Amino acid sequence: MFRRLETASPVETVTVTVGGKPVTLPRGETAAAALVAAGEATGRTTPITGAPRGPYCMMGVCFDCLVMIDGAPNRQACMTEIRDGMRIERQVGARRIGG
Amino acid sequence: MLFNGCALAYSPPPRMTDIRDRQADIIVVGGGLVGSAIAYGLTRHASRVMLLDEGDRAFRATRGNFGLVWVQSKGDGAPHYTHWTRNSQERWADFAAELKARTGVDTHHENNGGLTLCLSESEFLDRRSLMERHRRDAGNRGFEYKMLRLQELRELVPEAGDSVYGASFTPYDGTANPLFTLRAVHQGFDKLGGVYRPDHAVASIAHRDGIFRVETRHGTYEAPRVVIAAGNMTPGLARQVGMEIPLNPQRGEILVTERVAPFMRLPTQNMRQTVEGSIIMGDSKEDVGFDTSTDTSVISDIAARAVTAFPILRDVPVVRAWAALRVLSPDGLPIYAASEECPGAFATICHSGVTLAAAHANELGGWLMGADRPEAIAKLGPERFHVS
Chain Y
1 MFRRLETASP VETVTVTVGG KPVTLPRGET AAAALVAAGE ATGRTTPITG APRGPYCMMG
61 VCFDCLVMID GAPNRQACMT EIRDGMRIER QVGARRIGG
Chain X
1 MLFNGCALAY SPPPRMTDIR DRQADIIVVG GGLVGSAIAY GLTRHASRVM LLDEGDRAFR
61 ATRGNFGLVW VQSKGDGAPH YTHWTRNSQE RWADFAAELK ARTGVDTHHE NNGGLTLCLS
121 ESEFLDRRSL MERHRRDAGN RGFEYKMLRL QELRELVPEA GDSVYGASFT PYDGTANPLF
181 TLRAVHQGFD KLGGVYRPDH AVASIAHRDG IFRVETRHGT YEAPRVVIAA GNMTPGLARQ
241 VGMEIPLNPQ RGEILVTERV APFMRLPTQN MRQTVEGSII MGDSKEDVGF DTSTDTSVIS
301 DIAARAVTAF PILRDVPVVR AWAALRVLSP DGLPIYAASE ECPGAFATIC HSGVTLAAAH
361 ANELGGWLMG ADRPEAIAKL GPERFHVS
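Chains as they are written, first to last, in this note's numbering: chain Y, 1 to 99; chain X, 1 to 388.
Chain Y extracted, bound-state conformation (with noise of 0.2 Å):
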């Protein structure tokens, strides 16, 4: 779905996982850019109909691209910049709290 603009230039990358997977990245690229890298088009489910959702503004604002990172929930992939090893996984739901 989507493809990866050529670079005039070898970059410095980065390894993350997205759902377990390998993907290595350009450094400085954000979660979300891994996510759409990985072919994953949902990074979450809604808390109340379930309805998928996926990276979308790529600014900050609408809130649709919403994974755990590192285990931490509710993150905005595209205001996460990527480092070697950062685990991104789909978060299913509203986040449960408390255990």
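If you're looking for bench data, these hints aren't it; they were derived computationally from the structure.
Just so you know, these numbers come straight off a predicted model, no measurement behind them.
Yeah, the Cβ is synthetic: ideal placement off N, Cα and C, and Gly gets one too.
Be aware that a few hints might be false.
Here are some of the chain X residues that sit facing chain Y, going by a computed Cβ distance under 8 Å [said to hold, decoys possible]:
1) E258
2) R259
3) A261
4) G277
5) I312
Here the structure of chain Y is known, so what remains is to put chain X in place on it, guided by the hints.
Coordinates of chain X only, in the frame set by chain Y:
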């Protein structure tokens, strides 16, 4: 929203109108929840009801509202106010169903009871005394309440923190979404044949030969009756038609968290979980005039209190905060005024526009169109503030 200094809200130019578009049987000034509910109810008593609304740029208390349909703690020492509140609360379920049937808009009304948390034994004992006064004042109508110590409270809300001493519970309390309620009442009013005019802030009202001439930037509107329900802007307009309405704005700030799975089965007086999963917390009371900015020290106090009550909220991010102005009379009770100087003019203010919406929609229309004042609001006139 501002863009290059220009309001993005669409403001249509004044249009040529038929004279009938300028005249009504009764004009309601103010399209928040109080004015809208009154206008909605008036459609059963008058064929041509007009609602003039400044719009969302106004100090719209409805927009900042916490969304409680609340009985406990209303009217200590003023049982007539408790009765009026309970009249509305008892009508709310039918009101919500009627709005849903008429407009398809769900107000998210729930009536599962509500809690007021107490953090110490002395707060708990004070609360019990208040509940007991309510029970005594209620007479034959009855007033059920329970005082729950922490262990019993946790049977209702297991997440209550160790610092909570207990809570009062009454089955009368509940919640509604104020934004959906406003939308439903506006749509219902429209479907019932009411005439709604947005962007019509009222500049002045004159009374001559039994007709009120209401000036807006889109021209003059006329009716033999006018109801001023313009929130904090009410006193200035009411004075022009012979009514003194004492009131002070009181700022309240509200915080909203991200959506989380349901855990709060019951609302408290200053914290509730919406149908969508957000936790709303608030209830600050600040005397700052017409200032709707937020204050980080108030916000952190609200958040700290929420975490004390429910420690599992500790790592739940707050995503928004806002401030709004309550519409508060000197004794905190609503004011329902009829002008003696200009018969046909009325003014209403209250700070519980959500709770009282069902009463406003059902019980005021006859009075505003010329019938006797309902006994239920006989003691809620502005005379009570006059020094004799």
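For each hint, the structure was consulted:
1. E258: Holds, because the Cβ-Cβ distance from X:E258 to chain Y comes to roughly 5 Å (cut-off 8 Å).
2. R259: holds (5 Å)
3. A261: Status holds, d = 4 Å.
4. G277: holds (5 Å)
5. I312: holds (3 Å)
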